[in-house]
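Peer 1: Here is how the chains run, residue by residue.
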Amino acid sequence: MALLSASEIGKVAARHPALFKRSFAQRFTGSLVAAGIALYLVFAWWFFSIGTVLSNGNWDIAGNYLADWVSYEVRPDVEFAESHLVISYPRFSPLGENPQPGWVTTERAVVERVVNGPDTSKGSGGGQDSSFGSLLGPVGGDTAPAAEREPAATPESPERGPETVREEEIVRTVVEIGPTAAIDIRPGRVTVTRGTEILDVDIVRNESVIPRAPLPAWAQQRATGGKIIVSFGFSGRAEIESDEVKIRHRFWGWENFVFDTNSPFWGKSFGEVVSLIAAGPRLVPEISNFALAVNNILYNAEWQHADVWIKLLQTIVMAFVGTVFASLLAFPLAFAAARNITPNFFANQVFKRLFDFLRSVDMLIWALFFTRAFGPGPLAGISAIFFTDTGTFGKLYSETLENIDDKQREGVRSVGAAPAVVQRYGVLPQVLPVFLSQSLYFWESNTRSATIIGAVGAGGIGLKLWEAMRTNQDWENVAYMVVLILIVVFVFDNISNFFRQRLMEGSSRS
Amino acid sequence: MTATMTATPLSETGHLVERHWRELAGRRRMYTLLGFGVFIAAMTASLWFANETNAGKFFDRLPYFFDFISMLVPRDGWEVWRAMFDLPSPHFDGSLKFDYPEGRVYLTETLYLPEYFYKMIETLNIAAVSTLIGFGAGFLLCFLAARNLVANRWLRFFVRRFMEILRAFPEIVISGFFLAIFSLGAVPAMIAVTIHTIGALGKMFFEVVENADMRPEEGLRAAGGNWTERVWFGIVPQVLPNFLSYGLLRFEINVRASTIIGAVGGGGIGEALRLSISRGHEAKTLAIVLLLFTTIVVVDQFSAWMRKRLVGSQAFEFGRGA
Chain D
1 MALLSASEIG KVAARHPALF KRSFAQRFTG SLVAAGIALY LVFAWWFFSI
51 GTVLSNGNWD IAGNYLADWV SYEVRPDVEF AESHLVISYP RFSPLGENPQ
101 PGWVTTERAV VERVVNGPDT SKGSGGGQDS SFGSLLGPVG GDTAPAAERE
151 PAATPESPER GPETVREEEI VRTVVEIGPT AAIDIRPGRV TVTRGTEILD
201 VDIVRNESVI PRAPLPAWAQ QRATGGKIIV SFGFSGRAEI ESDEVKIRHR
251 FWGWENFVFD TNSPFWGKSF GEVVSLIAAG PRLVPEISNF ALAVNNILYN
301 AEWQHADVWI KLLQTIVMAF VGTVFASLLA FPLAFAAARN ITPNFFANQV
351 FKRLFDFLRS VDMLIWALFF TRAFGPGPLA GISAIFFTDT GTFGKLYSET
401 LENIDDKQRE GVRSVGAAPA VVQRYGVLPQ VLPVFLSQSL YFWESNTRSA
451 TIIGAVGAGG IGLKLWEAMR TNQDWENVAY MVVLILIVVF VFDNISNFFR
501 QRLMEGSSRS
Chain L
1 MTATMTATPL SETGHLVERH WRELAGRRRM YTLLGFGVFI AAMTASLWFA
51 NETNAGKFFD RLPYFFDFIS MLVPRDGWEV WRAMFDLPSP HFDGSLKFDY
101 PEGRVYLTET LYLPEYFYKM IETLNIAAVS TLIGFGAGFL LCFLAARNLV
151 ANRWLRFFVR RFMEILRAFP EIVISGFFLA IFSLGAVPAM IAVTIHTIGA
201 LGKMFFEVVE NADMRPEEGL RAAGGNWTER VWFGIVPQVL PNFLSYGLLR
251 FEINVRASTI IGAVGGGGIG EALRLSISRG HEAKTLAIVL LLFTTIVVVD
301 QFSAWMRKRL VGSQAFEFGR GA
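So the sequences go chain by chain: D and L. Letter by letter, the first sequence follows residues 1 to 510 in the UniProt record's numbering. Letter by letter, the second sequence follows residues 1 to 322 in the UniProt record's numbering.
Among the hints, erroneous ones may be present.
Anything over 12 Å on all C-beta distances counts as not near chain L; from chain D, calculated [what the hints assert, rightly or not]:
1. Tyr-72
2. Gly-188
3. Glu-255
4. Ser-275
Short derived list, chain D residues pointing at chain L, Cβ under 7 Å [what the hints assert, rightly or not]:
5. Ser-55
6. Asn-58
7. Thr-196
8. Ile-341
9. Gly-375
10. Pro-376
11. Pro-378
12. Ala-455
13. Val-456
14. Val-483
15. Leu-484
16. Leu-486
No wet-lab data here; the hints were simulated from the structure. Don't be surprised by glycine CBs; every beta carbon is placed ideally from N, CA and C.
Full structure from sequences and hints, please.
Peer 2: Structure follows, in structure tokens:
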């Protein structure tokens, strides 16, 4: 490759002064703009104190919330009683009333405990039954304290004062968390296995939690003797406290998505449900099984399918009706606002400023106003979209009208047609496809806006989303609604694109 | 018209054409009517449904509509300005309604920014930061999604779907999620608006890039430029004005979006407006509406002027990409 000599380089440079001798502004505008943006971002960092906000964020909660989108937790609590264990589940456990999950195995044995006399309630009531069981001997438990004392007093007359009852209780439970981890709980002792590592913890009831060996990396104890938090990654975590072990076991999926735990169909396989609906005996005498199943699905307490779908329909209706009304009103007004159609400066200005006003008062403001006026619900949303979009459409339509080809109009006018006919045959064929295409585009984008303004009270799925998010518990419901919204937006996007393409093809052919 | 139609008998083929045309027109008319019927039915059903599921019924509420407007009338004409500039009000009775000076943001000992101006600046900054970051990210992504620059179908496909998801994901969910992490404030709003902006701008950008003139790029390819050089020197200079103009349009939209997100917990003027409307503070509400309206008009005018300078007078519609 031949190198250029200095004079040749000079000649080339002289031939292209625009490239080689640029003014100061030309040379440095780019870097100055970049520096300005960088400075501005630094200012914004300070202005919103983004650093502090980011560092104060509850990042560990974020992981849990995200996991909640696609999974759920079952939360058994294992409480240490005097010499046995009590396993309890929260009231609305995804496993329904009285859950007996396969991953919790228990060992039962007869134990004795002191009960305050007058207070003979459920506990000793159960004890009466198990005192008969005690005659059969311990049930598979080897750690049960020997039954020394005589059987409790006659079940018929509970006695006054403290007494000792003997009953069959849980004395050991093994909770399997995923395939490799398990928590083995006995009174006074908890053993956690994760993979090959084992953590042994001694518990002094209501006093302290003491690990036998240094804690592995997946366990944490803030204060000596305080609670130990054990993490099993995605599959869950456990808090070992001196009075109970709280277990959070996480499973993939949306729990009870079809039937909630109160439904008679709950927990049945698909085949069982189908056969019940097809040929089974009526579960509830009043209505058929099919109606019952549909009812149970729609009014699923956790997922509220019927409500979610109605709210989603509201959002769709808000966008649809709002856009249609706005188009219908903007259509005649745009003709009055276009300066080539209505050659009246005053009328043009009035309508154009009206459009600007409607557009510039934000959709949020309209939504808040109409929520006050009509009460929360889709009417407020429709009105907000209608007002904002009348402005938007009016502006777009009148601009389209001002850009039309005047020859067609002249042609129609030259044959002596009436003014209305001139518009119909000279103008409308040119602009109608464009109008429709603009409306269709906004129909799709309004579906998204309707979701947002819903949250300020204008009805629809937005409000429901907002409520679900505010509890910080129902992220799986949020995920469900987001999926529905995404589907709707996707479908509408495609419908709107399909029609717009057809319209554009039609208008370019004619 | 009928008088001039002389009844010349049509030939055989003429009849055929005539019949076909009639059939075609008839079918077309039928489709139009059918479509119209479906449309009317859908409208009626929608309106009925909306009215039925609303908290207040349309015709029941309509008479009270103007009551609400009359509730917005301030005590006297100066009240709005006092509320806007945080001046003490003669109606002050210890309630939140007239406590205008409370909200002052002092810059120095005596110089203060009125509360709503400060909030408006906050909202504008949310919009500006999100637009800038979204612009940058959209800029980086759009070249990977353009058919004329990236031969790999899968890369294009993934980048496009990614941007689509960013765009369609409801902003309110993003802001709600980050509100749960960061608690109330502007950062969740910023993140939400930014994420949406990346998707929206990225889509418009790659459409611009696909329509770019490929001759400069070919020249650079002939001179042995690598991909980055070809894009940077061949494509970017011709698309940049369009990009900037789309960015400005997005800024307009983002000012509105950050107001709305603000109303649902993102801070800024939106929140102030929602609170003042729901508490029935007429002068404050009017002051905020006035301020917001003016700001939006100014931003729109500024951006329209800039866009005109950038891309000339070629029409620039909303509906073309967005």
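Peer 1: Against this structure, judge whether each hint is valid.
Peer 2: Here is what the structure says about each hint:
no. : hint    : verdict
1   : Tyr-72  : holds (18 Å)
2   : Gly-188 : holds (39 Å)
3   : Glu-255 : holds (21 Å)
4   : Ser-275 : holds (36 Å)
5   : Ser-55  : violated (10 Å)
6   : Asn-58  : holds (5 Å)
7   : Thr-196 : violated (35 Å)
8   : Ile-341 : violated (17 Å)
9   : Gly-375 : holds (3 Å)
10  : Pro-376 : holds (5 Å)
11  : Pro-378 : holds (4 Å)
12  : Ala-455 : holds (5 Å)
13  : Val-456 : holds (5 Å)
14  : Val-483 : violated (11 Å)
15  : Leu-484 : violated (11 Å)
16  : Leu-486 : holds (6 Å)
Hints 5, 7, 8, 14, 15 from the earlier list are contradicted by this structure; the remaining hints agree with it.
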